[in-house]
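Engineer: Now for the letters of each chain:
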Amino acid sequence: MKWLLKQLQRDLWSPEVAGIGLGLVYVLALLLSQRAPGVSGTFFNIAAIVGKPLTAGDPANQFFVTIFPPVTETIGWQFWIVIGLFFGALASVLIGGHFKLTLIPVEQWRDVFGGAVWKRWVIAFIGGVILQIGAGLAGGCTSGLALAGGVQLSPAAFLFIPGIFISGAIVQLLVYRDKY
Amino acid sequence: MALSVPDVLTALFLGFIFGWVLDKGGLNRYYKIANVFRFTDLTVLRFMMTGMLVGMIGIFTLKHFGALELTAVTATVLAGNLIGGMVFGVGMALAGFCPGTCITGIARGQLDYLIPGLLGFLTGGVIFGALYRTPLVQWLLTAGRPDLAYAKLPDILGVDPLLLALVFSEAILLFLYVLGRTRLRRPDDLEKIVERERIEAGLEERPQLQGVGD
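In order, the protein sequences belong to chains A and B. According to numbering that gives the first Met the number 0, the first sequence holds residues 0 to 179 in order. According to numbering that gives the first Met the number 0, the second sequence holds residues 0 to 213 in order.
There could be a bad hint or two in this list.
[Stated by the list, open to error] A short, non-exhaustive set of chain B residues, derived as facing chain A with CB atoms under 7 Å: (1) 81; (2) 193; (3) 196.
[Claimed, not checked] For lysine-lysine, the following DSS-like pairs were computed, each having C-alpha atoms within a straight-line distance of at most 25 Å: (4) A:118 <-> B:191; (5) B:151 <-> B:62; (6) A:118 <-> A:99; (7) A:118 <-> A:178; (8) A:99 <-> A:5; (9) B:191 <-> A:178; (10) B:191 <-> A:99.
The set of hints was computed from the structure by calculation and includes no laboratory data. We put the beta carbon where it would ideally sit given N, CA and C, even for glycine.
All chains should be built: construct the whole structure from the sequences, respecting the hints.
Structural biologist: Listed below in structure tokens is the structure:
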């Protein structure tokens, strides 16, 4: 019992142990709900609150009408996955006593890019913009495409994953330079 | 498809487990995501590959016995999947998070995930939707799309799904074994700094003894 509590409180598990849980989530999702979890779609549903009126002038553009309608109109299964995602992480953080309000990452960021908050916030914002556009083009993100597609042997996932690593490595080479 | 109460509860429960393992795996920390692209910390790869291994074997075994059906997931589109992935990778390396890890990163109290991170995703979402009908986006979303865009590899290759899943699993297992046995890169100065920062933040109990067990 004491051992179990200690494990639940640890900040990090071995990636393989955590990965087993990840795999089981996808098995159970298909088994119990005939769906596979994904996150970026819900971001589109939330963006649609602003996006739908904004694109209403072009009736041919059905993106925020039929493909990703505003979350205020219909709440789907994936929305509840995102809610659960937050509370699952929160439980893990709180049990471990690791909750702490921070403005920039605790590890590594400061040593490479300095302590300026604006710099981290600008890059986090730009990164978010690029990520969501990439997810739109690819048809999903790490959860809804790489994992959901990968576990079901969908070719889309095996195109998407190398794509991430090719550009990710190039970007880090340019950003970290001599620290790469 | 209307949502039933059990569906909502299942989604909340599975999301909860998903969020838990993303935090315990360390995927909601900037350095874990940033360093997989520097090949100095392979946590992200080991986590994802183990998940895929377990998921693949579970799903295709259950499918073999008729207990579940595969879902449509994402259409295969050569340009979209690959170039979209490359765009995605730029954002992921810069920000050090992806959509799911941003949500779980907020739960640690990281305000850079909550405010600029989430705002970035939503802004990107609006931009993509506004550009959806432009020729470039439409080209990327359709170029290299086969007739059977939702077909899975076993159907395309004409082999037994469970057999192919086992072949893939073997490959992943071998990959994980190699990852566990070799260091792609030497530990760098940053790694030592990160370890010290984690101890100072109370995230790690004691420094690991150097040289023992290596």
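Engineer: Could you check the structure against the hints above and give me the numbers of any it violates, in ascending order?
Structural biologist: Those not satisfied: there are none.
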